[in-house]
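S.K.: Protein chains in written order, with the working numbering: chain A, 1 to 330; chain B, 1001 to 1254.
There could be a bad hint or two in this list.
[Unchecked claim] Some but not every residue of chain B turned toward chain A, in silico, with C-beta under 8 Å:
hint, residue
1, 1003
2, 1061
3, 1063
4, 1146
5, 1148
6, 1161
7, 1162
8, 1164
9, 1165
[Claimed, not checked] Cβ-Cβ distance ranges computed for the label pairs, FRET-style:
hint, chain 1, residue 1, chain 2, residue 2, range
10, B, 1092, A, 213, 25 to 33 Å
11, A, 213, B, 1147, 16 to 24 Å
12, A, 257, B, 1144, 43 to 51 Å
It should be emphasised that the hints constitute simulated quantities derived from the structure, not laboratory data. The C-beta atom is built at its ideal place from N, Cα and C for all residues, glycine as well.
So you can see what is in the structure, the chains are spelled out below.
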Amino acid sequence: MSDIAAAGVRSAPSRGPATAARAAPDARRLLQLVLAGIWLLDGVLQYQGFMYTKGFSDMLADSASGNPGVVARPITWDATLVSHHLVLLNSVFATIQLLLGLGIAWRPTVRPALAVSVAWSLGVWWFGEGLGAVLTGAISPVSGAPGAVILYALAAVLLWPADRDIRSPFIAARAVGAPAARALWLVLWLSLAYFALLPASRSPQGLHDMIARMEDGEPGWVAALARGAAAVVAHQGLAASIVLAVALAVIAAGVYLPPRLMRATPILALVLAAVIWVFGQALGEIMAGGATDPSSAPLLALLALCYWPARGYWPARTALARPAEGTIAA
Amino acid sequence: MTPAWLLDIFAAVMLGVAAVSAARLVAARPGGGGRGTALADIDVAHLLMAIAMAGMLASSLRTLPDGVWEVIFGVLTAWFGYRVVRDSRVSGTRALAGGHCAPHLIHAASMLYMFCAVTPPSAHAPDGTSGMAGRGSGSMATLAFPLLAFVFTLLLAGYTVWDLDQLSGPGVRAHYSLAAVPLAPVPVLAGVGSGGLAPTPAPAPAPRPAEPNPEPTGSGPADGQGRGVLAPWVAVSCRIAMGVTMAFMLVTMI
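Bound conformation, chain A alone (with noise of 0.2 Å):
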């Protein structure tokens, strides 16, 4: 037997259910190990052959164009910057993202890593995707809207360690409360509705060519995948966009629905995150090299499951609610 006892098979008896309870992480910390993964994911595709050329501060400075120039000045300066000492740079930027990844598994500094990911977030998603390109209007939920970059801060927030709502329907109310994630939660969806209605995928071959580009690169069975969602999607670009929206809305309504009814929200958000993974971002594009990170659509699933709504809740409310009416009564 290995002296590394099975996590999961073992455990020592006279330590008995206390010690079986602190081995297994509970929920949310499962989803902020999702969301260590994924750092991790992205530090080592950060070290990929690809962003040691030219090809990575072209990319960067790219994201400058259709942004109004306070924006772009600075992804100019910080893509002329990039060019100059690309191998020290990148290796920095790949080495940060892996350490964020390690950062938030590693129980004593997951707060600081966490808070470190909002930050580190933040400016990639003006210095590296240009905002996530939403002031241009060039953008589609399908495409990555609103930068997959800007949904890990997102996620570090709803994840953050603290209890501020202990009775919460869902993991993402325990930060920051109920109204708050679902306020969060509403604008996001909102946003992606709006996205999907803009004219880069509403018109009539826009979804098309854009699910289209996604072929470069990539082994034959994704880019068929690829060429058939964009022959389906051909020439209907506003009906597709009509269709996405109106899905994507009630996805965002979904979280203000009653009990029952709300648990359908994170299933369907689930469900079209895959489906546009697959079809619409070609698996983030990782296998084609030269993806910095898997795309929005992973995260979008993640930040689904931290709107599950937690098992007991609302049987647990209602058992609270009786005393209460009781003791008024009394």
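Place chain B on chain A using the hints.
M.R.: Below, chain B without anything else, positioned relative to chain A:
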């Protein structure tokens, strides 16, 4: 392409892992005050993987031909596959989520995949060996079936963050214990596995009638915890380092 110095750094880390694993094997040898030979499989696997990865990262550190490594990692994959199946008969799918053999199965399978699927950066790789970087050729080796590389990367990242979490958790001593105690299923991932994501109190571990794995038989510390280089966290740290390095290698060769 990824700079050579970066590959060298990862190679140096792997040499460190190999040295630590070798030290653990020596310290644990029968009569050496260690735990006995029943613990050797993990450290042997670490040693071999670290040497192989160092050779892939830095061509000057190549030791054996690819074919030999393929056989070695084929055997290791089969061995840990057998161990996982045996554990899963006791703990069900929890053996996959939290068992110590499952990560090693993924590590061994990843190594096997890398050696089988790697395409040399140049068509004239010396003596049938291949590494990540074609030094002087300006190109990188690539992997066939990139979906597998992606899947392995996700699994390696998952096990790495899981290991870090467990290593830094308050229940670490029990969780990574050397103590010879009866096996009992622990509800790792209970919330997700049962379809809910709410925090789930862990039920009391049920007593098990039989121990499916051999227990440490060495003359270790009384509480069963290894010390020094034999401390459990050392092996887990090696596994974390290898997980990160392997994920790095897979992604850079996609």
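S.K.: It remains to establish, for every hint, whether it holds in the given structure.
M.R.: Hint check:
{"no.": "1", "hint": "1003", "in the structure": "holds (6 Å)"}
{"no.": "2", "hint": "1061", "in the structure": "violated (19 Å)"}
{"no.": "3", "hint": "1063", "in the structure": "violated (24 Å)"}
{"no.": "4", "hint": "1146", "in the structure": "holds (4 Å)"}
{"no.": "5", "hint": "1148", "in the structure": "violated (10 Å)"}
{"no.": "6", "hint": "1161", "in the structure": "holds (4 Å)"}
{"no.": "7", "hint": "1162", "in the structure": "holds (6 Å)"}
{"no.": "8", "hint": "1164", "in the structure": "holds (4 Å)"}
{"no.": "9", "hint": "1165", "in the structure": "holds (5 Å)"}
{"no.": "10", "hint": "B:1092 / A:213: 25 to 33 Å", "in the structure": "violated (44 Å)"}
{"no.": "11", "hint": "A:213 / B:1147: 16 to 24 Å", "in the structure": "holds (20 Å)"}
{"no.": "12", "hint": "A:257 / B:1144: 43 to 51 Å", "in the structure": "holds (47 Å)"}
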